[in-house]
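Peer 1: Sequence:
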Amino acid sequence: MRQSILLSAALVGTLGLTSGCAGMGVPRLDPLPTPTGPVPFAYWLPSEPGGDSAQLEGTLVEEDGCLYVDADSARYLPVFPAGAVAWDGSTLTTTNPRDPATRDDVVPGEEISLGGGGGEGTPGPTTVVPDACDLADGYFVVAAP
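Heads up, the sequence shown is in the numbering used here, so the first residue is 278 and it goes up one at a time.
In short, the hints are calculated from the structure, not lab data. Heads up, some of the hints might be wrong.
As the list claims (entries may be wrong) - Computed spacing ranges between beta-carbons, pair by pair:
#1 Gly360 / Pro385: 17 to 25 Å
#2 Ser350 / Asn373: 24 to 32 Å
#3 Asp411 / Val384: 14 to 22 Å
#4 Thr370 / Gln332: 14 to 22 Å
#5 Glu387 / Ala351: 26 to 34 Å
#6 Ala409 / Ala351: 15 to 23 Å
#7 Ala363 / Ser390: 17 to 25 Å
#8 Gly401 / Gln332: 16 to 24 Å
#9 Ala378 / Gly398: 34 to 42 Å
#10 Pro385 / Ser350: 12 to 20 Å
#11 Asp411 / Ala378: 30 to 38 Å
#12 Gly342 / Ser390: 19 to 27 Å
#13 Ala409 / Asp376: 27 to 35 Å
Predicted model, so just to flag it, every value in this text is computed and none were measured. Glycine is no exception: its CB is placed at the ideal position from the N, C-alpha and C atoms.
Modelling step: build the complete structure from the supplied sequences, incorporating the hints.
Peer 2: Set out below in structure tokens:
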């Protein structure tokens, strides 16, 4: 699947969510990893643990080959930390890379709760968004564990 590396650095808007900063370091400039198979989610390369402290709660939805969270009459694109999430074609598994025993399995149609921060427009330069994914309602950068 062709991936688009988005090159703007806009993190604008709040999506009506509260936000705060906790450990948002300078992003690494390492090259982004290239997925070896279909990946229906956006991801980013964290430089250190942490992130904004807003909360996104809603229903996990798969549409047109991309995963979204439906919340507050909008569909947000979650942008997960690289290495902290996997998709087997039917189940999204989130893990803490520093504690692999900590995991959560969610299937489309189930509720999901994510910590991080929202934005509108185009995510920053350390983010990979699959071409199939729509950013119309905004995105939510999930905090690094």
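Peer 1: Looking at the structure, which of the earlier hints fail to hold?
Peer 2: Structure breaks hint 5 only.
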